[in-house]
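Colleague: Okay, here's what each chain looks like letter by letter:
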Amino acid sequence: MTTRTTTARPLSRQATATRAKAGNDAGTGHRGNRAAWLVVAVVVLAVACAASLAIGARGMSLGTVWQALTAFNPDDGNHAVVHTRIPRTVLGLVAGAALGLAGAAMQGVSRNPLADPGIMGVNAGAALAVVTGIYLFGISGASGYIWLAFIGAGTAAVVVYLIAAMGREGATPVKLALAGAALSAGLYSLMNVILVSSQDTLDRFRFWQVGGIAGSDWSVILSGLPFLSAGALIVLGSARTLNGLALGDDVARGLGQNVALARGVTSLGIVLLCGSATALAGPIGFVGLVVPHAVRFFTGPDYRWILPFSMVLAPALLLASDVVGRVVLLPSEVPAGIMTAIVGAPVFVWLVRRGKGASL
Amino acid sequence: MAQLSARGLTLQYEQRRVVERLSTTIPEGKVTMIVGANACGKSTLLRGLSRLLKPSAGVVTLDGKDIHSRPARELARTLGLLPQHPIAPDCITVRELVGRGRYPHQGFFRSWRTGDQSEHDLAVERALEATSTLELAGRNVDELSGGQRQRVWIAMALAQETDVLLLDEPTTYLDLAHQVEVLDLITDLNRRRGTTVAIVLHDLNLAARYADHVIAMKSGTIVGEGPASQIFTEDLVGDVFGLESRVVADPLSGTPLILPIGRHHTATPSTPVELEFAS
Ligand SMILES: Nc1ncnc2c1ncn2[C@@H]1O[C@H](COP(=O)(O)OP(=O)(O)OP(=O)(O)O)[C@@H](O)[C@H]1O
Ligand SMILES: [Mg+2]
Numbered sequence: 001m002t003t004r005t006t007t008a009r010p011l012s013r014q015a016t017a018t019r020a021k022a023g024n025d026a027g028t029g030h031r032g033n034r035a036a037w038l039v040v041a042v043v044v045l046a047v048a049c050a051a052s053l054a055i056g057a058r059g060m061s062l063g064t065v066w067q068a069l070t071a072f073n074p075d076d077g078n079h080a081v082v083h084t085r086i087p088r089t090v091l092g093l094v095a096g097a098a099l100g101l102a103g104a105a106m107q108g109v110s111r112n113p114l115a116d117p118g119i120m121g122v123n124a125g126a127a128l129a130v131v132t133g134i135y136l137f138g139i140s141g142a143s144g145y146i147w148l149a150f151i152g153a154g155t156a157a158v159v160v161y162l163i164a165a166m167g168r169e170g171a172t173p174v175k176l177a178l179a180g181a182a183l184s185a186g187l188y189s190l191m192n193v194i195l196v197s198s199q200d201t202l203d204r205f206r207f208w209q210v211g212g213i214a215g216s217d218w219s220v221i222l223s224g225l226p227f228l229s230a231g232a233l234i235v236l237g238s239a240r241t242l243n244g245l246a247l248g249d250d251v252a253r254g255l256g257q258n259v260a261l262a263r264g265v266t267s268l269g270i271v272l273l274c275g276s277a278t279a280l281a282g283p284i285g286f287v288g289l290v291v292p293h294a295v296r297f298f299t300g301p302d303y304r305w306i307l308p309f310s311m312v313l314a315p316a317l318l319l320a321s322d323v324v325g326r327v328v329l330l331p332s333e334v335p336a337g338i339m340t341a342i343v344g345a346p347v348f349v350w351l352v353r354r355g356k357g358a359s360l
Numbered sequence: 001m002a003q004l005s006a007r008g009l010t011l012q013y014e015q016r017r018v019v020e021r022l023s024t025t026i027p028e029g030k031v032t033m034i035v036g037a038n039a040c041g042k043s044t045l046l047r048g049l050s051r052l053l054k055p056s057a058g059v060v061t062l063d064g065k066d067i068h069s070r071p072a073r074e075l076a077r078t079l080g081l082l083p084q085h086p087i088a089p090d091c092i093t094v095r096e097l098v099g100r101g102r103y104p105h106q107g108f109f110r111s112w113r114t115g116d117q118s119e120h121d122l123a124v125e126r127a128l129e130a131t132s133t134l135e136l137a138g139r140n141v142d143e144l145s146g147g148q149r150q151r152v153w154i155a156m157a158l159a160q161e162t163d164v165l166l167l168d169e170p171t172t173y174l175d176l177a178h179q180v181e182v183l184d185l186i187t188d189l190n191r192r193r194g195t196t197v198a199i200v201l202h203d204l205n206l207a208a209r210y211a212d213h214v215i216a217m218k219s220g221t222i223v224g225e226g227p228a229s230q231i232f233t234e235d236l237v238g239d240v241f242g243l244e245s246r247v248v249a250d251p252l253s254g255t256p257l258i259l260p261i262g263r264h265h266t267a268t269p270s271t272p273v274e275l276e277f278a279s
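From first to last, the protein sequence lines are chains P and Y.
Going by full-length UniProt numbering, the residue at position 210 of the first sequence is 210; the numbering climbs one at a time, nothing skipped.
Going by full-length UniProt numbering, the residue at position 108 of the second sequence is 108; the numbering climbs one at a time, nothing skipped.
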């Protein structure tokens, strides 16, 4: 009776055609200019990078930083200092971008505003796996850590989900967060047992432990890059799927999405991102929680914008935390992971208290 | 062509069997009303018909082909569903939400291009207009009243522009005027575009008035199927709802009008009701 041609026939084309233009951008408010805001975000990130190169125990002027980058003079001590900060900055960039993307995608996949690689136990899983690898098999170096981290991150994600899914109403946001926190606590105490009993492991683990991006070098970063890129591509490609999932599983299926496949693929991307970020920089919490929420203020609930914004602003937050950590307790350094927790914990409390746990 | 049929359909959640060996056809190009008591399996049937629930036995076919054998997106361009309790994400605007109804029609990269958007924008606009939600387009869905929200969800389902539309209680939360408006709108859609519609509805009188075809369900099976005038009898209402009633002709439409008989405020059913304060 009906055919594809009648399907497209409008109910009343004349009336709508004229209004379609006028009404198009009405009401999106501050979201109207998302592209412009994205440019602003990139500028913020550039500032954070510059700060990361310039600020530290030995401060540099931006002019010196610029010279060191464009006309490097090996005999200039300042230039050398700037150059030692480059890998650290690049690591902050890639780890931050990975955590931001992973956090936003986790929130989308689980429809859970409290989701974060730190809170959901994924980072703890990766960390314990790395420590176990160092302890039992004497593995060292980022290329070894990274596979351990994937295994740990993936296992933790599955375990947290299974624990939270027990019981009648399934994996609700709060149950997921509780299961993640409980598992994190358990995994970290296991990790500490290993560290306390083995001085050697502790030594190798120290720099990596609480989320520091200091002491990194190019080989570390390069070994993680393929996995980070793959994870980022998968997650960025899931934006539309996440938009569908946000409407609930039934509506998403009704719109023609394969919900289980979408969750599986996106989760694979998340594990790649979290695993490699943790292997490279150690467990860093809260960046993936705070940034996507802040970003929603500019983007609204559209993951096609939330993901790129998070990818740009999360490294800005991580670099800023790292920079503050360098100078706040001179002459010693506070690792970036501790600084992000100081910023992130209050936001987490606010999100829980807001009580909108169920809808995202 | 859009004929949706179920044959020997059994639907269950884990161990709980809800729909048992059910066979039916949603008549093509007609408005079908599905009625039945709470928890009798109406929503479950709609979920089974729209591939949200995999049957544990039997098949659902659309134009003769098993819906589970068709690509999901292609199916979503032909068959649309509005569930009973859809979830709106925080801070989504009405226009964005309705726009997501276009997803099955948009390719992966197409969604980023602006050039091809006009047809999608028009479809969204038509859906907003048809549900009188155009003036809400820029508002956040969170801040709407229950009835406004309901109309926005209907708009999303309309924007999908499918040949078959399944609606689960689309008039809950709506005031009487808006209930009638929604049912009129669905009838328009059916008459102008030949859309096949199946609606779960609790208001039997409106169901009787707007139905071309009625399916009455009781504990997961169909106990009556046919035109409203044959289905809505005092016996059937008693059987399906366990409710005594009188059925008279609706003076406006001639369709059955079901007058429930409760324990209070009803004169004995056999005597004609007289308004005591009339004279
Ligand atoms: N997700 C689920 N898991 C387990 N059981 C379910 C689920 N959804 C529904 N049921 C059960 O299936 C039965 C039928 O539910 P269904 O939602 O189909 O009823 P309904 O006819 O739509 O009722 P109502 O008029 O109240 O909407 C009920 O007993 C219900 O408890
Ligand atoms: Mg129902």
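These aren't lab readings, by the way, just hints derived from the structure by calculation.
No residue lacks a Cβ here, since even glycine has one placed at the ideal position from N, Cα and C.
Be a bit skeptical, because a hint or two may be false.
Okay, derived cross-link-like pairs now, SDA-like style, lysine to any residue, Cα gap no bigger than 25 Å in a straight line [unchecked claim]: (1) Lys175(P) / Ile87(Y); (2) Lys65(Y) / Ala260(P); (3) Lys54(Y) / Gly264(P); (4) Lys175(P) / Asp90(Y); (5) Lys175(P) / Lys65(Y); (6) Lys175(P) / Lys218(Y); (7) Lys54(Y) / Phe72(P); (8) Lys65(Y) / Met166(P); (9) Lys54(Y) / Leu261(P); (10) Lys54(Y) / Ala262(P); (11) Lys175(P) / Pro86(Y); (12) Lys175(P) / Glu14(Y); (13) Lys65(Y) / Asp249(P); (14) Lys218(Y) / His85(Y); (15) Lys54(Y) / Val265(P); (16) Lys65(Y) / Val43(P); (17) Lys65(Y) / Val259(P); (18) Lys54(Y) / Val90(P); (19) Lys175(P) / Lys30(Y); (20) Lys54(Y) / Met166(P); (21) Lys30(Y) / Thr266(Y); (22) Lys54(Y) / Asn258(P); (23) Lys54(Y) / Ala165(P); (24) Lys54(Y) / Asp249(P); (25) Lys175(P) / Gly77(P); (26) Lys54(Y) / Tyr161(P).
Listed below are several chain P residues computed to face chain Y (Cβ distance under 8 Å; list not exhaustive) [what the hints assert, rightly or not]: (27) Gly77; (28) Gly248; (29) Leu255.
Colleague: It remains to establish, for every hint, whether it holds in the given structure.
Modeller: How the hints compare with the structure:
1. Only pairs whose Cα atoms come within 25 Å are accepted, and Lys175(P) paired with Ile87(Y) is accepted, the gap being roughly 19 Å.
2. With a C-alpha separation of about 23 Å, the suggested pairing of Lys65(Y) with Ala260(P) holds against the 25 Å cut-off.
3. Taking the CA atoms of Lys54(Y) and Gly264(P), the gap is about 19 Å. The hint holds against a cut of 25 Å.
4. With a C-alpha separation of about 20 Å, the suggested pairing of Lys175(P) with Asp90(Y) holds against the 25 Å cut-off.
5. Restraint check for Lys175(P) and Lys65(Y): not satisfied, since their Cα atoms lie roughly 41 Å apart, outside the 25 Å limit.
6. With a CA separation close to 36 Å, the supplied pair Lys175(P) and Lys218(Y) exceeds the 25 Å bound.
7. Restraint check for Lys54(Y) and Phe72(P): the C-alpha separation of about 65 Å exceeds 25 Å, so the hint is violated.
8. In summary, the hint linking Lys65(Y) to Met166(P) is not supported, as the alpha carbons are separated by about 37 Å, beyond the 25 Å threshold.
9. For the suggested pair Lys54(Y) and Leu261(P), the alpha carbons sit about 15 Å apart, so the restraint of at most 25 Å is met.
10. Using a Cα cut-off of 25 Å, the hinted pair Lys54(Y) and Ala262(P) holds, with the two alpha carbons roughly 18 Å apart.
11. The straight-line distance between the Cα atoms of Lys175(P) and Pro86(Y) is roughly 21 Å, inside the 25 Å bound, and the hint therefore holds.
12. Between Lys175(P) and Glu14(Y), the direct Cα distance comes to roughly 22 Å. Compliance with the 25 Å bound is thereby established for this hinted pair.
13. Taken as a hint, the Lys65(Y) and Asp249(P) pair is honoured in the structure, with Cα atoms around 24 Å apart against an allowance of 25 Å.
14. Restraint check for Lys218(Y) and His85(Y): satisfied, since their Cα atoms lie roughly 22 Å apart, inside the 25 Å limit.
15. Restraint check: the Cα-Cα separation between Lys54(Y) and Val265(P) comes to about 21 Å, which is no more than 25 Å; the hinted pair holds.
16. A threshold of 25 Å between alpha carbons decides the hint, and for Lys65(Y) with Val43(P) the separation of about 54 Å lies outside it, so the pair is violated.
17. In summary, the hint linking Lys65(Y) to Val259(P) is supported, as the alpha carbons are separated by about 22 Å, within the 25 Å threshold.
18. With a C-alpha separation of about 48 Å, the suggested pairing of Lys54(Y) with Val90(P) is violated against the 25 Å cut-off.
19. Simply put, Lys175(P) and Lys30(Y) have alpha-carbon atoms about 45 Å apart, too far for the 25 Å limit, and the pair is violated.
20. In summary, the hint linking Lys54(Y) to Met166(P) is supported, as the alpha carbons are separated by about 22 Å, within the 25 Å threshold.
21. Simply put, Lys30(Y) and Thr266(Y) have alpha-carbon atoms about 36 Å apart, too far for the 25 Å limit, and the pair is violated.
22. Using a Cα cut-off of 25 Å, the hinted pair Lys54(Y) and Asn258(P) holds, with the two alpha carbons roughly 13 Å apart.
23. Simply put, Lys54(Y) and Ala165(P) have alpha-carbon atoms about 21 Å apart, close enough for the 25 Å limit, and the pair holds.
24. For the suggested pair Lys54(Y) and Asp249(P), the alpha carbons sit about 14 Å apart, so the restraint of at most 25 Å is met.
25. With a CA separation close to 53 Å, the supplied pair Lys175(P) and Gly77(P) exceeds the 25 Å bound.
26. Of the pairs offered as hints, the one joining Lys54(Y) and Tyr161(P) holds, with about 23 Å between alpha carbons and a cut-off of 25 Å not exceeded.
27. The interface hint given for Gly77(P) is broken, as the beta carbon of that residue sits about 48 Å from the closest beta carbon of chain Y, more than 8 Å.
28. Here the hint on Gly248(P) is kept, as its CB sits about 4 Å from the closest CB of chain Y, short of 8 Å.
29. Restraint check, Leu255(P) versus chain Y: the minimum CB separation of about 5 Å is within 8 Å; hint holds.
Figure legend: structure checked against the earlier numbered hints; hints not met, in rising order: 5, 6, 7, 8, 16, 18, 19, 21, 25, 27.
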